[in-house]
Structure formats: structure tokens, C-alpha cells
Amino acid sequence: MKWRILKTSWLVSLRSKKRLISFVIIYGILITWMSITLEKWRWESIEFIMEAGFVLLAGSIVAILYGFILSYFRQIEVATLKCLGWDNNDIRTFIIGEIIFVTLLGFLGILEISFHFVGVLFYFLGSSIASMPIVQFVIFPVNVLILSFATIMLAQVPGILLATWKILTVSPMIALRKAK
Amino acid sequence: MVNGKGIIIKAENVWKEYKRGREIVDALRDINLEVARGEFLVVIGPSGSGKTTLLNVLSGLDRPSKGKVVLDDMDLTAIDERLLPKIRREKVGFVFQDFNLISNLTAAENVMAPLLPTDLKTKEIERRATEIIRLVGLIDRKDHLPKQLSGGEQQRIAIARALVNEPKVVFADEPTGNLDSSTGMEIMKLLQQLNKKKGTTFVVVTHDENLIQFADRVVHLRDGEIRSIEDKSKRIKR
Numbered sequence: 053m054k055w056r057i058l059k060t061s062w063l064v065s066l067r068s069k070k071r072l073i074s075f076v077i078i079y080g081i082l083i084t085w086m087s088i089t090l091e092k093w094r095w096e097s098i099e100f101i102m103e104a105g106f107v108l109l110a111g112s113i114v115a116i117l118y119g120f121i122l123s124y125f126r127q128i129e130v131a132t133l134k135c136l137g138w139d140n141n142d143i144r145t146f147i148i149g150e151i152i153f154v155t156l157l158g159f160l161g162i163l164e165i166s167f168h169f170v171g172v173l174f175y176f177l178g179s180s181i182a183s184m185p186i187v188q189f190v191i192f193p194v195n196v197l198i199l200s201f202a203t204i205m206l207a208q209v210p211g212i213l214l215a216t217w218k219i220l221t222v223s224p225m226i227a228l229r230k231a232k
Numbered sequence: 029m030v031n032g033k034g035i036i037i038k039a040e041n042v043w044k045e046y047k048r049g050r051e052i053v054d055a056l057r058d059i060n061l062e063v064a065r066g067e068f069l070v071v072i073g074p075s076g077s078g079k080t081t082l083l084n085v086l087s088g089l090d091r092p093s094k095g096k097v098v099l100d101d102m103d104l105t106a107i108d109e110r111l112l113p114k115i116r117r118e119k120v121g122f123v124f125q126d127f128n129l130i131s132n133l134t135a136a137e138n139v140m141a142p143l144l145p146t147d148l149k150t151k152e153i154e155r156r157a158t159e160i161i162r163l164v165g166l167i168d169r170k171d172h173l174p175k176q177l178s179g180g181e182q183q184r185i186a187i188a189r190a191l192v193n194e195p196k197v198v199f200a201d202e203p204t205g206n207l208d209s210s211t212g213m214e215i216m217k218l219l220q221q222l223n224k225k226k227g228t229t230f231v232v233v234t235h236d237e238n239l240i241q242f243a244d245r246v247v248h249l250r251d252g253e254i255r256s257i258e259d260k261s262k263r264i265k266r
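Residue numbers (our numbering), protein chains in the order written: chain X, 53 to 232; chain C, 29 to 266.
Keep in mind that the hints were calculated from the coordinates and are not lab data. Incorrect hints may appear among the rest.
[As the list claims (entries may be wrong)] Simulated crosslink set (DMTMM-like; lysine to aspartate or glutamate; CA at most 20 Å straight-line):
1) X/Lys59 with C/Glu154
2) X/Lys69 with C/Glu154
3) C/Lys119 with X/Asp139
4) X/Lys54 with C/Glu137
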């Protein structure tokens, strides 16, 4: 039954086009940035640690912003769902599903763009592109990409916590008060 | 007992107090009310008379400061708060003044929303939603988003959503408040038809005197107190 709620949350995010596109682009940029940082993996390097920490911080700030937008501007929606008999777990699934879905779309978007970019270069320039710095820049090893995605997902925790905390405090009664 | 079919809601010596700064305000004062199964009850009163507070308390959205509310033999004032969503899902439906449809879901998806957290099969949920949307006369609009529907159509969808879980009671808060008078009358006729056809109890809160004509009984509320209860119909309940 949670699957149906998840599916509905994905539908809702797909139809909120402006918000979806903006955040997919932002998450795509963050994942790319994290991938670039992770490629320079050197634990002993203070620069690496600082840059990775900075990307994580940026990811957390974006997640908090997204969590805030989802929970603050949709209080009436959340209150209405509570009136309809959704409990806090159902609504949490609904909101978390949306955050994870948008992050996943950002990741898939970056993969898609990378593949197409390299494909176009290969079509015009042939196999010589392998040594080009731009291609080195675009193609990340799979493990780096997955690690970047996982790290950005980890950075979502503060946003998810904020959104779920806000949701828990929404009273269903505000659904009836809106126009008064 | 209001009629021979029993009581679905019973409020006994209900008080609701709010803090306004240092002052304590009584939003409801010693409310005693019984609502019969299948009844169409209209609660009427001016703005600030406590209508919405009464609806919140009777439906279990809020707890009274004092007194007892029993809904379908369940004492809402004593029940564990975690059980309230389940009670709302199974026994209660809501119709709001602003319709409160989820803007990014189609009419049919909105109607299905109360059933998504249940154990019902998706096919069954879709069947029930289609049936109830047909009943409110909007089957050809079921794939439209709320913004593509008129106010009256949105309220019809909201009514379908309130009824899809086959509740015992539907609470409607100013259901015609955002509609023009003729659409408002159509909505009230629809509520009355559904009341007769499905036997669902309706509690409608309004400040509009024109809606009294649809009621079996009218509760006049002022300053948080019931001033009078008017029996408009002697019709025998189902």
C-alpha cells in the first residue's frame, strides 16, 4: 500500500514542472560537482576534504530548501490528507518519495547528458576523443558516480528531517480554517 | 434517541476553551447534541459562533476541553490519538469550503486519495472511485486536473472524495461558501440526494440561512452555545 503512495508522490512531482526542473538541474549540478571532487580522492589532502565537505554542505542546504518548500507551501495539502485519514507515516512516505525521486532524476539526467555528449563527440571526432580533457571531465567511473549519488542522498537527510518534522506538526484542522 | 435508528454522534457537556493571550475564551459551552444515523443536520450561526470548532470536535479533529464525544459507539475523547487517522479513514468524510483538492492530481486520483493507505486492491479503489464520480455526474471529467474544473465541479469531486470510503458521517464546512448561489443550491441538492440514496449522515456547518431548507434538523449556534434545535422534517430515517 505504501507503493501506491510512493507512486502518487512521483506523479505529483512530475506534474509540478517548474519545481521539478529547477531541482533536477540543481541536483544534477551537485552530483557532477561531487563526482569531480571524488575523482581527486586523496584523504591526506586537506583541499579534497574541504571541497567534499563544501559540496555536502551545499547538498544539505539545497535539501533543506527543498524540504522547506515541500512542507511549508503544502501545509493545506498535508492537513487535507490527514483529514482524509492519512497518518504521519503515509505523509512522510509521500514527501520523502518526492525528495528521493527528484534526486534520482538529477542523477539519471546527468548520466543521460554524459552519454549523449560523449556519443555526439564520438560521432564527429571518432575514437580520438578518449584522450580529450573534456571527455575526461564528462565521463566519470561508475563507482564515482554511484558514490556521488549516495553522498548527495546522504546530504538529503537534513531536508528530509525538516520536512517530516514540519509535517508532524501540521494539524488537520488548518484544512478547515484556510478561508476564514 | 432522535429517531428509531439510533445515534451516530453524541456530544455530552462539551466545552472547548482556547487561550487568547492571557485570556481564556470558551469557543464551545456545554454542548449537548445527538445526531441520528442517516440524518441531514445543518449547524447554523454567525461568524465566530463556534461552528467550525464544533465540527472539529464532533469529527475527532480536535479534542474538547471538557465533556465527551461519541462517534459510532467510539469515545473520541478517550481513544488513543494514533487511532484517529484510521477512524477518519473508515468512518468520516470531509467536504471543505475551498474544496481542498490536490492540485497536481486528476479528479479521479483525488477521489482515490482516501483509499490509497488502505489494504484494498488498486482495481477495487479504481472501481469505487469511478462509481462515485459517476454518481456525482462527472465521469467525463475524471481525468481533468482541478484547475480545469469549475468551482461547482471541484466541489462535486470533493464530495465524491468524501464518500469514496463509504463513511458513516460526512462533515461539510461551508460547502457552498465559495460558490455562486445557484451552484451552491445544486451542491446542496446533491448532498441531500446522496443522503437519501446512500443513507450517509451529513453534518453541514454554514452561516447561510438558505441552506436550512435541506435539513432534517437545524442547530442554531451563537457564542459557542446551542440556542435552539429546530426539527424540519418528520421523515422516517432509513
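**OP:** Tell me, in ascending order, the numbers of any earlier hints that this structure violates.
**Re:** Hint check: 2 fails alone, others pass.
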